[in-house]
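J.: Modelling step: build the complete structure from the supplied sequences, incorporating the hints.
Just so you know, the protein sequences line up as chains X and P, in that order.
Per the working numbering, the first sequence starts with residue 185, numbered consecutively.
Per the working numbering, the second sequence starts with residue 866, numbered consecutively.
Covered stretches of chain P, going by a simulated chain X footprint (3 or more residues, C-beta under 8 Å): (1) 884-893; (2) 1040-1051; (3) 1054-1063; (4) 1174-1185.
Examples of chain X residues toward chain P, derived with CB under 8 Å: (5) VAL201; (6) TRP206; (7) GLY225; (8) ASN229.
Think of the hints as simulated: they come from the structure by calculation, not from any bench.
Note that the Cβ used here is the ideal one computed from N, Cα and C, for glycine as well.
Below, each chain spelled out in residue letters.
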Amino acid sequence: MEDTKPKVEKGLSPLEVMGLFWIALGIIMVIAVYAPPTMIGKMTNLIAGIILLAIGLLAYLKGRSGRASRETKED
Amino acid sequence: MIGGIDLFIVVFFIVGVFVVGVYFKKFIHTSEDFFLAGRRLGWWVIGMSIIGTNIGSYDYVGGAGAAYDVGIAQANYEWIGAIPAMVISALLFVPYYWRAGAYTVPEYLGKRYSQPVRVIEALLWGTFLICCLAIFFWASGLMINTYIGWPIWLGILLTAVIVGIYTVTGGLTAVAMTDVIQLAIMLVGGFAVAIIGFHEVGGWSGLVERITVEHPDHFRLFLPLSHETYPWLGMIFGLGLVLSPAWWCCHQAIIQRTLGARSEWDAKAGMLSAAFLKTLVPLLYVLPGLFVLALATEPLADKDQALPWAIKNLLPAGLAGLVFAAFLAAIFSSVDSTLNSAVTIWTRDIYQNFIVRKASDRHYLNFGRGLTLIFVVVGALLAEPLTTSFSGIYLAMQTLLTIFQGPTLATVLLGIMWARATRWGGLFGLVGGVACSTILHMTDMNFLYVAWWSFVAAMIINALVSLLTKPEPTEKLRGLVYGLVMKDEHIQNSLSSRVEGGE
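T.: This is the structure in C-alpha cells:
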C-alpha cells in the first residue's frame, strides 16, 4: 500500500487494483460510443470513458511504481 | 428500465466492486485492521471515502427532487450544511479523537466523561446505524426495482450479499477502498450529466432563463422565513450550527475513517480534502434537478421522479448505465460504511466493554465478522417494516437523526472545549437534550428548530450540572480537552507515547 505504513503484502497493491477496475470501466464506456444515436451522446460517452481511463492508468502506474520501490528496498 | 449496454455496465460494476472488495481480505490480520484499517489510511483515501459514505441514494433521488422543487437552496445542504463544519471537524475535533486512540466517538466520550455517557451514546448511535442500514437496503431494493425491474426483495438480497461479503472479509480497508472507486464513478457520471444537460438547455444562461420565468426563487440560496421546509433562519441555526457540525464532528461512520489514519496529519488532511470535494457534490444532483425543471414540458406529478426522468429522457445509452452504477455506488458505499461502523460500536463499546472484556484479539476480530453478518440479516429483514412506517426515506432519516444529533454535539463540544464539564454534566446534558428533542418532535416543530433547541437545552443542562458538581481531576482530562493538549509539552509527549503504546 503506497499510502500506508510499511506493512508488506504480496500481490497487487490497492492502487493497482483500483486502477485496473477504472481502466476496464473506461474501456467499456469508450466501446459504448456506438450506442447513442446523437453526436452529443457519443461525445459524452467518449469523454466519460477517457476520464475513467486516465484516472485508472494514473492509479495503476503509481501503484506499480510504489510496489516496485518497496520491493527494491526489501531486497 | 435500463437494458443492453447499460445493463452490462451495471452488472460489470456490481461484479467488479465485489471482486475488489474481497481482494482486500489479505490486509486483515487483527481486529485493528478490521475496524480501523490497521491505522494505515492515507489522507486521500480518507477524504474520498468520507464523501463516498456521505452521498447516499436519498441525496441523489431526494436531493434532485428537492432541487426541482426549491432550486439551488438545496445546495446549501452541501455548502452551509457541510463545508464549515468539516473544517471545524478537521481542526478541532479530529485531532482529539485521533490522539485519544479511540475506535469510536462514544469511546472518546467514555474517556472524557464516564461509562454511562459512553453507553448511552453507543446505544443511540448503534441503534441509529442499524435503522440506517435497513433504510439503505430498502432504498437499494426500490432503485433496482425501478430501473432494472427485479423484485424489491431481490435487490435487497443482492445488496446484502455483495456488500455483506466484502465488508465481512475486508473490514474498513475494503469499505474505504471501494468508497474511493465508487466516488470516482459518481463524479465522472455527474460531470458527464452536466455536459449533456448544459448542452440541452443552452448553457448556464439558458438554464437560468428557462427556469426564472415561472420560478423566480429557484436561484436564491436562502428562502424566506415563511418557507415550509427551508426557512433561512432554520437553515443557519438548525442546519449550519447544529445538524451539520453534529454530522461532521460526531457521526461514527464519518469519523471512523479519520481514526484509521496513519498519522494525525493524514486524519486532518483527509477531512479537509473531503471538504474540498464536497463543493462538487451539488453537481451530482442539484444540476440534474434543475435540468429536468428546464426541459420537462409537463410538471412532474412527484418531485422524486426528477432523476428517473433525467435518466430516461436526457441521458444517452452508456451514460445512463454509468449514472445508474453511480446510484448503486452511492448506496453500496453508504451500506458498507454504516455496517462497519455499527459493528465497531457494538463490538468496542458494548461487547468488549461489558460482556467479554479480556479475550484475544482474534476473538474480537471473529466477533466483529460474525456481527457484521448478523447486522446484514437484521437490516435486510427490517428494511420494509421500518421504511414503510415513515412517509418517506428522507423523512425517516431526518427524524431519527434530529432526536440525538443536537445533544450529541453539545456533549462532545463541551467535553473538548471546557475542562470544567463533569461526568454528571455530560450525563444529564445528553439525557436532557434527547428528552427535549423527543418532546419537541411531538409538537410538529420543523426538524431544523428541534435540532437547535435540543442542542441549546443540552448545553445549558450540561453547564449548570457541571458547575454544581465536583470538577474532574486534571490527570483524567489530559489529551482529551482543548488547552491540556495544545499548550503543554509534557502532555504532548505523554500523549505521543500513549498512542505509540497502543492505548
